Amino acid sequence: MAALVQYLITGIGVGCAYALLGSGLVVIYRVTRVVNFAQGSFAVLAALTVTTLLAAGLPHGLAEVSAVLLAAAIGLLTGLVATGRPGTTPQSALIVTLGLGVFAYAVEILFWGDQPRSFPGLPGTVAGVQSHYLLIAAVTAVVLAATALLFARTDLGRALTATAEDPYAARAVGIDVRRMGLLAFVVGGALGGLAGVLITPVQQVTFDSDVALVVNGFSAAILGNLTRPGLTLAGGLLLGVVQALVGGYGSTSYQTEVALVLMLAVLIVRAGSTRAETA
Amino acid sequence: MIAGVSDLTVRYAAATALDGVSLHVADGEMVALIGPNGAGKSTLVNALCGLLRPASGTIAVRGDLALVPEGRHLFPSLSVDDNLRLGAWRRRRRDTSHIYGLLPGLVKLRDRPAGRLSGGEQQMVALGRALMARPSLLVIDEMSLGLAPKIVDDLAAHLRERNTVDGLAVLLIEQNARLALELCARAYVLEAGRVVAEGPSAQLASSPEVAAAYLGLEA
Ligand SMILES: Nc1ncnc2c1ncn2[C@@H]1O[C@H](COP(=O)(O)OP(=O)(O)OP(=O)(O)O)[C@@H](O)[C@H]1O
Ligand SMILES: [Mg+2]
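So the protein lines, in turn, are chains A and B. Throughout the first sequence, residue numbering follows full-length UniProt numbering, covering 1 to 279 in sequence. Throughout the second sequence, residue numbering follows full-length UniProt numbering, covering 1 to 219 in sequence.
It is possible that some hints are incorrect.
[Unchecked claim] If you anchor each label on the Cβ, the simulated ranges turn out as follows:
hint, chain 1, residue 1, chain 2, residue 2, range
1, A, V261, B, R112, 38 to 44 Å
2, A, V5, B, G115, 41 to 47 Å
3, B, R112, A, T252, 48 to 54 Å
[Claimed, not checked] Chain A residues, not near chain B, derived (Cβ > 10 Å throughout):
hint, residue
4, I12
5, T52
6, L58
7, G87
8, L94
9, V107
10, Q130
11, A162
12, A234
13, V241
14, T256
15, L264
Since the hints were derived computationally from the structure, they do not count as laboratory data. These numbers come from a predicted model, not from an experiment. We put the CB at the ideal spot given by N, CA and C, even for glycine.
For reference, chain B alone in the conformation it holds in the complex (with noise of 0.2 Å):
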């Protein structure tokens, strides 16, 4: 194991936003966390990465984890390549140019101010961000959301290459739950702050359930 919460409780204020949730993330795997708006999942990513304090529950982390948060959250003055550069904050050294080579979209934008980029065009730079923390799980909050299909296509095969070449785990919160399943051989359905459905994407999508709510299909 990676990463894993359990039993894992969030309030805010008086309001609880996760409710005694385990999940867990292996050694090299991809795995999706589905779920309606609100369901907790940004909250479950804040607590996962140490952004938010549980109320309850435990958060084991081993290894470097990184983070595409939601709304990509790009510092927007800063160029593209400072914003690579923070992106190895904790590291010592902070050299851009495999990032460059990993995602070559990211050459011609180098020295433009991350926030005249396209929502695309930014969420290129939030992954490369990331990856410049040379992490070993990738927590990616949202990462198809307002993109066009020819972007998210892009995203999703980085992804897949980084898994298979560099064996990064990664954990994929995602709207798009077909894109998500597809991409992830396991899953979990989030629904108001509790698990409610987990197992491997092929078993959750053959379920009736989850396909007439995430996938759009007759029950």
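So here's chain A without its partners, still in its complex pose (with noise of 0.2 Å):
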């Protein structure tokens, strides 16, 4: 009893990481239709600006924030140079972010080498759970609470989607889509940065980590169709659970597989279900 609470609380932390990253990877494909790979990149770079920043003598909160900063900047940087060009379609401004993340791989070892880091998370328990997934859940909930009150009542929000919907007539009454695009491109970099910075002290980072994490965060976009960003908060749970348990009383080395088949279950059984809904 006490270990399936405890791997639920691990799932329920790490989905919360999934689900971010996912959310991420939504706003910056609503808004652009590009799918950004090079989202878990954004985590992994965070997560290792952070170790740097506490090494150096930041304060824990200050080191954070800044390399969310980072993160942001870094997701303004791949919109910029993924879309920047007039007429790239989404489909080339894919293969960039591909190749921006395997760039990413020779800078995250050329500054911090190809071994696991990671820093102290917030110390202690409450009622018995370690406070930094308490910590996870509620910055989660409300960054994503945030996001999906920005895009429901603001104009910015409603430019943004007006944006994704019909890119002709936004520029029609406006709005600047390319500055648009690159706005969700930081909104996304900030959202895939924060995932880095909060699973870190839970579970290690090395270079190689944002694969895992995009797999797995875009697993949960594509629970809602890369738009649906109440969808993509429940599939990074699900998906976050499902490893727990899995890992937990079976064996590590099958976490992401068993995930992903669930996750195309889901898929499929969605597909036949709104195919009757058509036909």
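Two chains, two separate frames, one set of hints: put the complex together.
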């Protein structure tokens, strides 16, 4: 029983990271139609940056926030490189993000080497639960709610949605669609960076951690058709929990595979039901 | 003059869509632009609104210009009210209440997603969205296409009212040439990327060529 509770807690913590990362993918995809495969790199770069900033003597909090801001800036750069040239198709931009992800490996290994790194999170426990997991859940809830409010309740969010739905009409009303796309990359970068910063105290990071993160974040986002943030959160949590259970009761070596098969099953069931609806 | 193009040429890759077109709209004037499918009307509109870069020629716009695009192009998942708000994206004040006063038909649609409205309702929203910019020139690309006569009459009445009450200038692109010539004092006829006739609507309507081609009358 105690083990089950612990697996659930771990799973939700990791699932929050997937959800944040996946939400970053969703924001970028919704506005630019680009699937950003560099999304995992935002998390890794931010996490590694925190280790350096803490070692340099920056206090907790400041180090994490700075790293998230850096990730947002890297998001902007990614957006500029991937979509900056007018007329770039979302498909070729996708390839560019893939290339940037590989380029990030070189930068990470150069600055931080190829060994796993970590840094301490929030110490202590509350009611038997490690405080850091509560922090992850709380920050994720607040940030995703704020992101949802940005889209639903502000004119800037409406303009981002408008850009996603009809770039021509968006331009016709005076929205700078290129700037909106770059803003989406900034938000996506920050969300990715936040995922890395939150998860690293409970799960070490290496330069290639981005693969697991982006695969799981992408799976979570796919559950929401790459456009639905609420389903992305649900998908992230589901993946995290299933992986924790598989790792706890079975083998850690199949964690990702089992989760992906599950996600595939969800997609097949859903495809069946949408076909029934449209038929 | 509130807006105009002179000697405008626009190309899509190798194809020339507009070839040396000149056209202008004076303050408070309603001007019609008619012509067959593929004549280049939408191309002219998009260039005038800065959405398309011309190969050569000049575009001059004084004052604020708003577009009701061909096919309406609303933001489908956003509510009618949100669509209206975005019409004022360039402005600081985005209060929508005056639009419901101008177009009372929109009041009951306020919170509906724009994508789930009928064609006529959508065109009304598209008009409201454009009016939110408080433009001095309204450009409407294909006002009546696919709409029931009742709605078209409504839209035409709204345009006439804004023109007489606020002095709103209008450039109307319209398949229904009879309607366009009736509504607007002056008109241009565009064919294959060139202006082939222009002048007061009454004069154009009485020319045998225009009557035969656009009003369905024997030459
Ligand atoms: N994006 C595009 N790429 C290539 N050619 C285009 C494009 N848009 C329009 N054209 C061509 O330019 C010419 C003018 O098109 P345009 O849409 O301006 O005509 P129109 O007068 O608005 O026609 P309609 O009455 O059907 O709306 C046509 O030959 C059309 O095929
Ligand atoms: Mg057209």
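Against the structure, the hints come out as follows:
no.: 1; hint: V261(A) / R112(B): 38 to 44 Å; in the structure: 41 Å, holds
no.: 2; hint: V5(A) / G115(B): 41 to 47 Å; in the structure: 45 Å, holds
no.: 3; hint: R112(B) / T252(A): 48 to 54 Å; in the structure: 50 Å, holds
no.: 4; hint: I12; in the structure: 30 Å, holds
no.: 5; hint: T52; in the structure: 41 Å, holds
no.: 6; hint: L58; in the structure: 39 Å, holds
no.: 7; hint: G87; in the structure: 12 Å, holds
no.: 8; hint: L94; in the structure: 24 Å, holds
no.: 9; hint: V107; in the structure: 38 Å, holds
no.: 10; hint: Q130; in the structure: 40 Å, holds
no.: 11; hint: A162; in the structure: 5 Å, violated
no.: 12; hint: A234; in the structure: 20 Å, holds
no.: 13; hint: V241; in the structure: 30 Å, holds
no.: 14; hint: T256; in the structure: 33 Å, holds
no.: 15; hint: L264; in the structure: 28 Å, holds
Of the hints listed earlier, the one the structure fails to meet is number 11.
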